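J.: Going line by line, the protein sequences match chains A and Z. According to the numbering used here, the first sequence is numbered sequentially starting from 12. According to the numbering used here, the second sequence is numbered sequentially starting from 12.
Check the hints yourself; a few may be wrong.
Same chains, same label: a pair holds when it works inside one copy or across any pair of copies.
Claimed, not checked - Result set (DSBU-like, lysine-lysine): computed pairs, CA atoms no more than 30 Å apart in a straight line:
| hint | residue 1 | residue 2 |
| --- | --- | --- |
| 1 | K411 | K449 |
| 2 | K68 | K424 |
| 3 | K231 | K88 |
| 4 | K449 | K256 |
| 5 | K256 | K35 |
| 6 | K192 | K330 |
Hints listed in this document are in silico derivations from the structure and should not be mistaken for laboratory results. Nothing here was measured: the structure is a model prediction, and the numbers come from that model.
This is what each chain is made of:
There are 2 protein chains.
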Amino acid sequence: MAKNITARSSDYSKWYTDVVIQAKLADYSPVKGSMVIRPNGYAIWEMIQQNLDRMFKDTGHVNAYFPLLIPESFMTKEAEHVEGFAPECAVVTHGGGQPLEENLYIRPTSETIIWSMYKKWIMSYRDLPILINQWANVMRWEMRTRLFLRTSEFLWQEGHTAHATAEEAEAETLRMLNVYKTFAEEYLAMPVIAGRKSESEKFAGAVHTYSIEAMMQDKKALQAGTSHNLGQNFAKAFDVQFQDKDGQRRYVYATSWGVSTRLIGALIMTHSDDNGLVLPPRLAQRPVVIVPIYRKEEEKTRVLAYADALHKELSARHKVIFDDREQYKPGYKFAEWELQGIPLRIEIGPRDVENNKVVLVRRDTMQKEFIDRSAIAAKVDETLPLMQREMLEKARVWQKENTFNVDDYDSLKSIIAGDGGFINAHWCGSADCEATVKEATKATIRNIPFDREEEKGACVVCGKPSDGRVIFAKAY
Amino acid sequence: MAKNITARSSDYSKWYTDVVIQAKLADYSPVKGSMVIRPNGYAIWEMIQQNLDRMFKDTGHVNAYFPLLIPESFMTKEAEHVEGFAPECAVVTHGGGQPLEENLYIRPTSETIIWSMYKKWIMSYRDLPILINQWANVMRWEMRTRLFLRTSEFLWQEGHTAHATAEEAEAETLRMLNVYKTFAEEYLAMPVIAGRKSESEKFAGAVHTYSIEAMMQDKKALQAGTSHNLGQNFAKAFDVQFQDKDGQRRYVYATSWGVSTRLIGALIMTHSDDNGLVLPPRLAQRPVVIVPIYRKEEEKTRVLAYADALHKELSARHKVIFDDREQYKPGYKFAEWELQGIPLRIEIGPRDVENNKVVLVRRDTMQKEFIDRSAIAAKVDETLPLMQREMLEKARVWQKENTFNVDDYDSLKSIIAGDGGFINAHWCGSADCEATVKEATKATIRNIPFDREEEKGACVVCGKPSDGRVIFAKAY
């Protein structure tokens, strides 16, 4: 266990905060509810951005930027939306030394401001679809900060698309949820369950909401991304119609979808351990560190020359940290790079130089291996993707082992009250039964999985007929 | 001249707005003072970001993210800073449905919030330097919007560094100004003059400010980037001291530097013409467009097959638009891609197919050239960097031809009142003489160029001794 990091087994919540603070991923700010994302944390966000942005562009999307401030009158145009968001907004009442004529809300999400622009831009079916994404900061007032997971201000992307038909909008909603699922699994090495949210849990203003849900190491769920089919709700609120091919004027169909810096919290809670952060290789800006080890001056020359040559060789293919700092001892360096989650560490001491070897240490397993100098480049090339796959596999096993098919309400309650996990249980579809479970256990319906089996059953609460199981779990 | 674009010669200011709106770079938003950056404009910002970000990282900087909202009490800690910025801030007074205990300002710039964190992070000389950059939105209240040039909210990057010595801070200030100069010239193809700002024009809270200044096509200056040596002002305001190698506690030295979405305005006003946007190739996400031309069905098959093969060949090296849309005629397509500034257009008609040729059109010169099919890939490879160089050269000539050495005040006044330009004139260094010129002509001292000649002279206003010439010009 690393210095200054509480063990997961003794206090999971404190462990999480310790990892974030000690690995210098983020820090508390003097502004209540806000956090500072430090360079180590922001580097992870950059990797998330780069890869997701490429996936968005590959699916035909472009980026744009809309104003931070939203007039109060816009917020109130879509009834459910204002009810859901207005109470948690920060409000600007003064600008340029003067009180404003109309209050401005810092965007909690941008549907309203964007649809006011789409009204200007959409005339005809030729203007559709619009496939726009925005990378931005948003704000939803919070007093109890949890770094990355719950802060007033956070960074995210929000896609906002406009379509001529309901079918196209639905296809887009599902396409983007699938992009999130692929990204979560292939980059974050985090297995997720894709499905539809219940009516009570959907986005304020949506026809329906889809989500991906991941299981953290404390067996709680974390909603890692959502995709909303907004139907014609925003088009009607902002009167956005288009002339269709047949000359008819019709309301436009909308979707929106987003993921946020919360993903960094999810990443930490999926893989990290009592020594600190564990980064999947594809999320590490610099996936390899070389640490030379020596005591005497004549050792130093030989070790550094050997390490330097290896550094040059590996740098052709990977971003490599060469930690030749003189003021720190090897043990200190090992602990530091473990804390920061660097996937592979290469140690080189005088005996390794003699034997033409290096020591390779994998961050996830902490496994140590002696590798021939001539084989190390190939070994690194092979280990990074292997580690990526094995991290996903390990998380899959964890999720599977802690997911339980439950057919009676007492078992559901006792599992949630006990060790926790995902409960697969039948549900009749009523908001009342959902609320009953939530009140009794704090567990909510995470989603109705797309790939659930067709299975008739009885609602675990009321016994009425059900068409299949849904996932109940406590969530972040 | 393109439809809907006013000629530069008839109304330069209206021409600028027309280009921005018609090329769909930006749009007015319903929030006073704010703009929407549309996908075509944001694509330029992405190119600016990607390239600058790489240059920042190559010079050892990392990115981070600090809160949007700054407590009122922070703003007031540095006396000049609050005086300069507080009057133009947007103020949040309510959050989560409650009035706040302390008002929060939307950041106009982040020195105060960042230095409050540096106080937490800096203990010893080992923690220095800190070389952090932030990509963010900021807000300075404006009622009279000019798209990209003057809006309340804009996007920018702000570097904030902390150093142990005054020398290091000064070196960093100059290094980053030089990064800006290189970027402006090599990417934006926009020649700039680097120099020091006068005391009256420096940043609120800086010891001194350096800038790069560019000449627009209307001969006005545009400040395209600034780099500030903040001395120990912010360290003292936020009490940030470090223990030096000799055991002494010392205040930290600071720099900050930034460029913004204003650069997009500068880019437009440097190169564009009465047909719309002209993009330097290195700023174009997709620098080549292929437009097939045909009338009859049998022409269509041959032309599309020929064009498609070329598209595949060129796509191996460049991002190429293949405009095979059926609903638009070639003339419409030419005008559209000219308006959007795509650097190279390749036209392919039935006769070109017969002759094994294509037509290549350069956006900056509108020069048309017939190229052998077998030579086109090499020609594109060669023309893109050539165009980049020639655009810079053309802008250099423009700047040179409109820069005048002036030795008497009347000539200065008559040039500024007449055709305008950059005036190289002697100045005694007094704020009074600077203010006199500003009041009489609206021209300001843009900067004191680093590369000015050593030349004794007499102040153009008061006749007192001067050590060299400075640049007077009207500015955006």
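J.: Does each hint hold? Answer for all of them.
T.: Results for each hint:
Taking the shortest alpha-carbon separations for K411 and K449, only the intra-copy value of 23 Å comes in at or below 30 Å, while the best inter-copy value is 73 Å. For a Cα distance limit of 30 Å, the shortest separation of K68 from K424 qualifies neither inside one copy, at 44 Å, nor across copies, at 52 Å. Within a single copy, K231 and K88 get their C-alpha atoms no closer than 36 Å, and across copies no closer than 44 Å, so neither meets the 30 Å cut-off. In this assembly of identical chains, K449 and K256 lie within 30 Å of each other by CA distance neither inside one copy nor across copies; the values are 48 Å within and 58 Å between.
Proximity of K256 to K35 under the C-alpha cut-off of 30 Å is restricted to the inter-copy arrangement: shortest distance 24 Å between copies versus 56 Å within a copy. For a Cα distance limit of 30 Å, the shortest separation of K192 from K330 qualifies both inside one copy, at 27 Å, and across copies, at 28 Å.
Consistency note: the structure conflicts with the earlier hints numbered 2, 3 and 4.
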